[in-house]
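Novice: Line by line, the protein sequences are chains A and B. If you count by my numbering, then the first sequence holds residues 1 to 164, one letter each, in order. If you count by my numbering, then the second sequence holds residues 1 to 136, one letter each, in order.
If you are wondering where the hints come from, they were derived from the structure by calculation, not from laboratory data. Treat the hints with care, as some may be off.
What the hints assert, rightly or not - Quick list of in silico lysine to aspartate or glutamate cross-link-like pairs, EDC-like style, CA-CA up to 16 Å:
1. B:LYS47 to A:GLU43
2. A:LYS157 to A:GLU143
3. B:LYS47 to A:ASP47
4. A:LYS99 to A:GLU120
5. A:LYS157 to A:GLU120
6. B:LYS47 to B:GLU93
7. B:LYS47 to A:GLU44
8. A:LYS157 to A:GLU89
9. B:LYS123 to B:GLU135
Since this is a predicted model, take the numbers as computed values, not measurements.
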Amino acid sequence: MSNKGQTFTTDFMASIVIFGFIITIFLTMWNLGLGTQEELTNEEIMDQQATRTMAIMTTTQGYPENWPSNIGTREDYIPGFMGENHNLEQQRIEDYGNKDYEDKRDILRVPEFQITFENEEAENLEMGREPEDASYIIVKEREVTIKDEDDVQTPTKMRYIVWG
Amino acid sequence: MTLKGQSAVEFIMLVSMSLFLLLSLVTISTQHQEQLQIHSSLVEAQKVAQDISFQAEMALVQGDYYHREFVVPNRIGSQNYTLYIVPSTVVVELERDGNVTMPSLYAGNTISHQVETDQNDLKIVHNDTGIHLHEQ
Chain A
1 MSNKGQTFTT
11 DFMASIVIFG
21 FIITIFLTMW
31 NLGLGTQEEL
41 TNEEIMDQQA
51 TRTMAIMTTT
61 QGYPENWPSN
71 IGTREDYIPG
81 FMGENHNLEQ
91 QRIEDYGNKD
101 YEDKRDILRV
111 PEFQITFENE
121 EAENLEMGRE
131 PEDASYIIVK
141 EREVTIKDED
151 DVQTPTKMRY
161 IVWG
Chain B
1 MTLKGQSAVE
11 FIMLVSMSLF
21 LLLSLVTIST
31 QHQEQLQIHS
41 SLVEAQKVAQ
51 DISFQAEMAL
61 VQGDYYHREF
71 VVPNRIGSQN
81 YTLYIVPSTV
91 VVELERDGNV
101 TMPSLYAGNT
111 ISHQVETDQN
121 DLKIVHNDTG
131 IHLHEQ
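Let the sequences and hints guide you as you build the complete structure.
Specialist: Next up, the structure:
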């Protein structure tokens with residue numbers, strides 16, 4: 001007659017191992033299910049900000065009304081190039097383009113940027129810098145129409161690039 | 001008579017081990033749940049900050065007499081919160097879980113608004129005195 005009970009047998013140890021395995025699988029699946037709602041990464045925040053900035057630049061006149069020709073700190077401006085008839089005003093774009101890179105960048109509230117305007121006549125305009133040493137690059141494109149001082153309208157592809 | 005008591009001793013040991021494992025599991029699970037709740041609150045606060053940022057930017061660029069109604073959550077993660085809109089930044093301050101800061105193009109006057117329970121229908125107005133946020 002054995003002097004031990006029947007609790008700590010090989011069967012019992014096997015059942016502990018199986019139970020542990022199943023509970024681990026269950027907890028892993030549960031965590032995966034609950035943990036899918038991730039915080040926005042810097043890239044996603046920058047992406048959403050770029051989408052809003054592009055929309056504001058191409059669909060509003062910015063703030064204040066005569067913002068590109070104003071002198072002020074970056075916190076005084078919201079960039080918007082739209083003029084009458086929902087076209088972008090070339091004068092506003094040029095006034096903005098004539099500012100220093102740092103001023104242009106600060107108005108957009110981004111660390112680095114590039115804005116390009118390309119049309120079929122290859123009269124391209126480029127502001128900012130080429131992306132370099134970037135861990136991510138965000139590109140936003142829109143088809144716009146630019147109107148110059150002589151009311152000539154030019155279909156143009158506007159590209160806004162930011163990176164971090 | 002020591003042989004008779006052996007099963008009872010092993011049974012008590014087994015129950016003790018089971019209770020210890022269960023307690024550990026519940027403790028870890030509770031901590032994990034709390035972390036997830038904080039995480040979930042911060043994610044929701046980020047979304048609210050993005051929305052508020054857009055509303056404030058549009059109110060500013062659209063000019064005087066602009067107004068727009070929108071809805072924000074009653075509470076974020078079962079806590080009250082306050083909105084701060086300052087130039088270049090929107091902050092959502094949670095009662096318990098801290099702040100969420102979101103970059104913004106907003107360039108107007110500073111606005112703060114505490115969202116009260118059941119008063120989450122907000123209206124943003126641009127008038128002569130600047131941008132204002134209040135309940136509808």
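Novice: Hint by hint, work out which the structure violates, then give me just those numbers in ascending order.
Specialist: Of the numbered hints given earlier, the structure breaks just one, which is hint 4.
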